[in-house]
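Residue numbers (the working numbering), protein chains in the order written: chain S, 1 to 330; chain H, 1 to 233; chain Z, 1 to 247; chain Y, 1 to 296; chain D, 1 to 380.
The set of hints was computed from the structure by calculation and includes no laboratory data. In this text, all values refer to a predicted model and were calculated from it rather than measured experimentally. Among the hints, a few may not be true.
[Said to hold, decoys possible] Label pairs and their in silico Cβ distance ranges: (1) His155/S <-> Asn123/Z: 37 to 43 angstroms; (2) Glu179/Z <-> Glu16/H: 25 to 31 angstroms; (3) Thr16/Z <-> Asp114/H: 23 to 29 angstroms; (4) Ala64/Y <-> Leu32/S: 52 to 58 angstroms; (5) Ser98/Y <-> His228/H: 37 to 43 angstroms; (6) Leu93/S <-> Met315/D: 44 to 50 angstroms; (7) Ile68/Y <-> Gly225/D: 51 to 57 angstroms; (8) Asn123/Z <-> Phe141/S: 51 to 57 angstroms; (9) Leu135/Y <-> Phe141/S: 50 to 56 angstroms; (10) Arg182/H <-> Met92/Y: 42 to 48 angstroms; (11) Thr360/D <-> Phe141/S: 38 to 44 angstroms; (12) Met92/Y <-> Thr16/Z: 22 to 28 angstroms; (13) Ile68/Y <-> Lys96/D: 53 to 59 angstroms; (14) Met92/Y <-> Gly141/D: 58 to 64 angstroms.
[Claimed, not checked] Covered by chain S, according to a simulated footprint, are these stretches of chain Y (three or more residues, beta-carbon under 8 angstroms): (15) 92 to 98; (16) 115 to 122.
[As the list claims (entries may be wrong)] Subject to a maximum C-alpha distance of 30 angstroms in a straight line, what follows is the list of computed DSSO-like cross-link-like pairs (lysine-lysine): (17) Lys151/Z <-> Lys133/H; (18) Lys133/H <-> Lys173/Y; (19) Lys151/Z <-> Lys198/H; (20) Lys171/Y <-> Lys133/H.
Glycine residues also receive a C-beta, built at the ideal position from the N, C-alpha and C atoms.
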Amino acid sequence: MTLTLELQKQKERTPVVAQTVFLGLGLALLLLAPLFFYPVFLMKILCFALFACAFNLLLGYTGLLSFGHAAFFGGAAYFTAHAVKEWGVPPELGILVGVFGAALLGAVIGFFAIRRQGIYFAMITLALAQMFYFFCLQAEFTHGEDGIQSVPRGHLLGFLDLSQSSNMYYFVLAVFVIGIAIIWRIINSPFGMILKSIRENETRAISLGYSVRNYKLAAFVMSAALTGLAGGLKALVFQFATLTDVGWQMSGEVILMTLLGGIGTLIGPLFGAALVVTLQNYLATSEFPVTIITGVVFMICVLLFRRGIVGEFYNSRLGRRLGFEHRHKH
Amino acid sequence: MKPLLKVSGLNAWYGESHILHGVDMTVGEGEMVTLLGRNGVGKTTTLRAIMGIVRERKGEITFAGEDLIRVPLHRVAHRGIGFVPEERGIFSTLSVYENLLLPPAVAEGGMTIDEIFELFPNLHERRNSQGTKLSGGEQQMLAIARILRTGVRMMLLDEPTEGLAPVIVQRIGEVLKKLKERGMTVLLVEQNFRFASKVADRFYLMDHGKVAGEFPVSELSARMDMLHDVLGV
Amino acid sequence: MVLSARGLRRDFGGFTAVKDVDLDVHHARVHALIGPNGAGKTTVFNLLTKFLQPTDGTITLLGEDITNTAPDKVARMGLVRSFQISAVFPHLTVLDNVRVALQRPNGLATQFWKPLSALDTLNGKAEQLIRAVGLEKERNAVAADLSYGRKRVLEIATTLALDPKVLLLDEPMAGMGHEDVGMVAEIIREVARERAVLMVEHNLSVVATLCHHVTVLQRGEILAEGDYATVSEDPRVRTAYMGTEEA
Amino acid sequence: MMTMIFGIPLQAFLGQLLIGLINGSFYALLSLGLAIIFGLLRVINFAHGAQYMLGAFVAWLLLAHFGIGYWPALILAPLLVGLLGAAIERTMLRRLYSLDPLYGLLFTFGLALTVEGTFRYLYGASGQPYATPALLTGGANLGFMFLPVYRGWAIVFSLTVCIGTWLVIEKTKLGSYLRAATENPVLVQSFGINVPFLLTLTYGLGAALAALAGVLAAPIYQVSPLMGSNIIIVVFAVVVVGGMGSIMGAIVTGYLLGVAEGLTKVFYPEASNIVIFVIMAIVLLLRPAGLFGRDA
Amino acid sequence: DASDGKVKIGILNDQSGVYADFGGKSSYEAALMAVEDYGGKVLGVPVEVVTADHQNKPDIASNIARQWYDTEQVDSIMELTTSSVALAVQAISKEKKKIDIVTGAATTELTGKQCSPYGFHWAYDTHSLAVGTGGALVKQGGDSWFFLTADYAFGYSLEENTGNYVKENGGKVVGAVRHPLATTDFSSFLLQAQSSGAKVIGLANAGLDTSNAIKQAAEFGIVQGGQRLAALLFTLAEVHGLGLDAAQGLTLTEGFYWNRDAESAKFGKRFMERTGKMPNMVHAGTYSAVTQYLKAIEKAGSDDADAVAKELHAMPVNDVFAQNGTVAPNGRMIHDMYLLEVKKPDESKEPWDYFKVLATIPGKEAFIDPAQSGCDLVKS
Ligand SMILES: Nc1ncnc2c1ncn2[C@@H]1O[C@H](COP(=O)(O)OP(=O)(O)OP(=O)(O)O)[C@@H](O)[C@H]1O
Ligand SMILES: Nc1ncnc2c1ncn2[C@@H]1O[C@H](COP(=O)(O)OP(=O)(O)OP(=O)(O)O)[C@@H](O)[C@H]1O
Ligand SMILES: [Mg+2]
Ligand SMILES: [Mg+2]
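Pulled out of the complex, with its shape left as it was, chain S reads as follows (with noise of 0.2 angstroms):
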């Protein structure tokens, strides 16, 4: 199967400096925000965002449309705050908790999966995605439909009280400052030219002697723990840890997510992540229904902006100019 997906691919001579400059900028930016915007509201995207790039990873760059990075989010989620809760661990223990449960699950869900392709792959996860929900819905310890609620955040690295919403959001844009570099430095890797490659021609990959199922497994597994990172650190920051982020709905919005910000880019699904969640957020007390909307949005975009908005601002004169070109293949 070919993909025809869009693949960013940079120019040789790459005006660093442009680039440079507008990272820096939107660090600043993310340094400021609570100034300006409401700190939850915030690290909510913050975490959907690191959610939908660690999902990305495995879309974007190996090709693999999972329909079940709901049950490594909701998932590790769980695990954190029963941790956090149950055992009263520190809440870098808790998130770490979530990571590791999230990429063993995502080794079990990935074994499976990784024997199949394109859409049969993204079948399978839903399925298997769907039978963790059902775990979920009756394991004693996430309390079926009630939740884990009350999730204490606790103090991190025993000292910097979290329940500090400031605090707790500079420890947020901490770690998906770092999720994104370790999915930065995995796309732009040895073996993230591999998994590339993998996707290009599969047959060939393996003719040349790579064990395709192992890179597919390991970027399987990468993807689910840096999910469950994000997942763990939602569950902290909202204090709690339900059914709804198990939910293959959430998968599809993460599906959304990067879509919107545009597939195959690196900081593409922080804008995707921003857009949806400011909609639900403004379409929460507004007249229109939410579901519709959402649907809508997600037609137009595969319709006439298939690269995202990240993607179509790399494809424009303007971004092509910075050196962020674009290739779009079909």
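Starting from the structure of chain S, add chains H, Z, Y and D with the ligands where the hints point.
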């Protein structure tokens, strides 16, 4: 000879890349013409542009006196042209037999299934297997065979001998000659020079998206030098 | 002898594509596998590289039994193939195509923590290979934009990049212009000085000039074997495969 | 003494078997449409559940607003939904064929959200009642169970539709055009076949089949905007187990899994909606292409 | 007096999802009605009602709740359908020292372990439904039960509570079958229930699951066969969706029925004019909660949460929804519940005339004794 296909000033593009820069050629009724040229000069593109598979094109294409440019792709075949693509285009979801029966007959006078099986016994033997499970050469046979059924007046063949065993190449040569006796017109793209020289009446030489030369088969030996320059034969 | 197969057999449903094939591929020699279309040549390749599991028989590579080994493992052991229908990474540049092939043998495949610039150490080797096959002009072109013939050349370059001990080439010259045929033949000859090459080819003049040993396959069975002169004299080979033409 | 099977009376066992078959009828009908659309267009039609729901709703609307009853609705609703599907294919879906199939999935996902959201907005979530047609009310005592006549009809009708559709696709020229067109539409067009029209027809047909299942379901299940999204995921699993794109596979697996689910409801009810996913996982381990899938 | 020149109430619930009919936009209407009936002002400042759709997502609800409290001067949040949302918002309200009054969610956790001095649970809970349907029905002769239970915590607690009351009243539970959430076909389970020979089939599930089970029970002739169906969480809104043909004979418990007496009928008709439908206990409960909240502010002379909470705990509730209702220290509003039976189509005299009142369950019986609730605000 009455021209059946007439191409003039044909330009074609893939997205932004301009591939054909004004191709001119004619193929007479019942004639067998071969298009020669190095890899990547635009031979395949020429055939695809004539068929209308490449839609971004400009110029004139007339077939049997009728303009082809404005005809939608799915009506072109009904004018009497059949296309055998370079990559063969065998369908994996169809059996060999279904592949063979797939193109609708567009006119009387095509070969019957029995004649085809006689010509290509391999296909008969493997008729119930999945199309793409055939060997490379068998797929090539199937691609040609399925057009022979439809009764077209003209065939566009893109490297029909690629990957075929010498016996089969010979057999295809014979088939083409037989078809010619029946009045079939053929435009052939070929790298196999020896094969082309046996079946063709006339040659066009392509270079850089244009026709760079033309000569009848009788002048072949005299032109060897030029061919050597252009093709590296 | 670096690669050998004994009693190789493969059934597809009720159809036997390869039957009782014994094959020995030797170091520093070019071995041709020829035969009519559908004789089972590609299938033999698939069996040898383990893309297909043989129904019966054993395969030995460099003294090791690989009858039950996974295809990527086989490739890592030094047996590399090219494909009959060209196989490149379409959206990567020519340079990247070659570099990807170079990554694993140079131990740069699993490092997800290293920057991409780590791969620049491969550029020298990559450029050399690209030059060897005459693709330097297309160095930064995306593989999908190459014409068919150029793609085949690129594929040979990536195959060579692995520095394999045994090369399996499935119709490497198919679809190539005359100039490239000569060049690729030259490359193969060069390569075969230190490696074993097994190739499928219908271009008999290439077979005649390049190959030390020829095996003729028909209907999945070996019909004849020997050097080109002997084989081409065999009347059974002439009727089944060559026809009346001279090479 | 009563005959026992696995610790339950034979009679009850037979009853459950029959119930499973009824369930399977819906799975088969839905997965059939899904398999056709996937097999021929390479589109994972996430909107299939919404189209099923639309079928039921159109039947209800016809009755509530125009007094048009069950029997005409059985024709009219699929026709209307099929036309709607065809229009969507014509204007939107078709732009996505040249792209990776996942865009088709995402598009239909959005479509499903929109359609379901709209109906939820207009008609609320708790659903609408649709009465069993007079001709099919009541039930028959089969000795081992009380079988509502309507359920018997559902089995017979869906089986007929499934087999009929399968014959058309697998055994006619039209079917081979369709299958070839999915692989290489341009080439098939160059043979002189109007592929765009065929594809529109296919999507319309798939949508109509979903709607037909919807009308059939209306007297049994509450006609609710949510009815589609509840069942669609299971139907996806059915199609995967059957082997994506295999039409016969989809039908047979639909019935098989219906029965499997039905029996689980007796022996281990808690697992009855996971059982299909478990079967799916096992099948994929042993036969990655699905039970009836073509390539291995 | 009112801190910021106005009193602002937020109605936060599901307006586009599964529970949109259960509460939904109509709850917002109910709140508006209550404010209008109160005169639009309290302590001389205007009363404002805002609303939002939490889409059944606790994170959205939590975001909105925080924003309402922190930046939009909302004084209290009500309705809160779905227990995960209600618990999350109650925790935030507790932290921010704001009043929340839950009418839409069922979980007893709200007034149990996770109770709050500022949190109130107004209309119903799983316990009262269980007592209503389980206890009262046994007295009516339904003494052997078979449960169809949704396979998750909500279902279990309904089944367990109800089962206990059945047994306490001398009945017995002959069996139960657990069905997965969002099952579409219940025939298999219904056959099992049928062959169990129990007199009552208890549906310990909710929403569309219950609707489908009832509809299919009618199809299999379960009610004609002499068995009774009892839905443990089902309201007027869902009965309306199902239609009397399918729902007739069903027994259920609600905290309100519009056609119970003249006063409730008058309220119902007014509500109907505004929304196009008759109120269920969630709508009437929300009306009551808003009214009582305003009364408490009036009485306290301030909208300060501590003062208002104190009054809310102290004042009896007397309005169209509750008669002589009291609020326990754990926040539970204790009032009478009603055991209702769905009429046959020919018994129904007008639109929305759906129920017969079979029994009134006194509040003391209906709700958990606060001392036993597990809430640490209750001093024993
Ligand atoms: N789909 C495509 N998109 C962009 N460029 C293309 C595409 N197909 C072919 N080309 C380019 O167009 C040019 C002409 O290609 P064409 O396939 O017509 O060559 P050809 O003469 O048939 O060569 P060959 O003998 O190798 O088949 C080549 O430079 C090729 O790289
Ligand atoms: N996967 C398969 N399933 C069924 N039959 C197959 C399969 N692969 C190959 N075959 C059959 O086996 C025979 C040998 O095929 P193979 O591809 O090995 O031929 P080949 O010698 O390479 O021919 P060519 O020179 O035409 O490429 C053919 O008849 C083909 O139809
Ligand atoms: Mg070509
Ligand atoms: Mg071959």
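- Task: Test coverage of the segment 92 to 98 of chain Y by chain S using CB-CB distances below 8 angstroms; three residues minimum.
- Result: holds (count 4)
- Query: Taking the CB of His155/S and the CB of Asn123/Z, does the distance hold inside 37 to 43 angstroms?
  - Reply: violated, 50 angstroms
- Message: If I claimed the Cβ atoms of Arg182/H and Met92/Y lie 42 to 48 angstroms apart, would that claim hold in this structure?
- Response: Since Arg182/H and Met92/Y have Cβ atoms about 47 angstroms apart, the given range 42 to 48 angstroms holds.
- Message: With the threshold set at 30 angstroms, check whether the alpha-carbon distance from Lys151/Z to Lys198/H stays at or below it.
- Response: With Cα atoms ~29 angstroms apart, Lys151/Z and Lys198/H stay inside 30 angstroms; holds.
- Does the Cβ pair Thr360/D, Phe141/S satisfy 38 to 44 angstroms? At roughly 40 angstroms between Cβ atoms, Phe141/S and Thr360/D fall inside 38 to 44 angstroms, so the hint holds.
- Item | Assessment of proposed distance window 44 to 50 angstroms (beta carbons of Leu93/S, Met315/D) | holds, 47 angstroms
- Query: Is 51 to 57 angstroms right for how far apart the beta carbons of Asn123/Z and Phe141/S are?
  - Reply: holds, 54 angstroms
- Take a quick look at whether Lys133/H and Lys173/Y sit within 30 angstroms of each other, Cα to Cα. holds, 21 angstroms
- Within 23 to 29 angstroms or not, the Cβ separation of Thr16/Z and Asp114/H? holds, 27 angstroms
- Query: Is the hinted range of 51 to 57 angstroms satisfied by the C-beta distance from Ile68/Y to Gly225/D?
  - Reply: violated, 33 angstroms
- Coverage assertion for the segment 115 to 122 of chain Y with respect to chain S, Cβ distance below 8 angstroms, three residues required: holds (count 6)
- Message: Verify the CB-CB distance for Ala64/Y and Leu32/S against the hinted window 52 to 58 angstroms.
- Response: Holds: the Cβ-Cβ distance is about 56 angstroms, inside 52 to 58 angstroms.
In summary, the structure is inconsistent with hints 1, 7 and 12 from the numbered list given earlier, while agreeing with the others.
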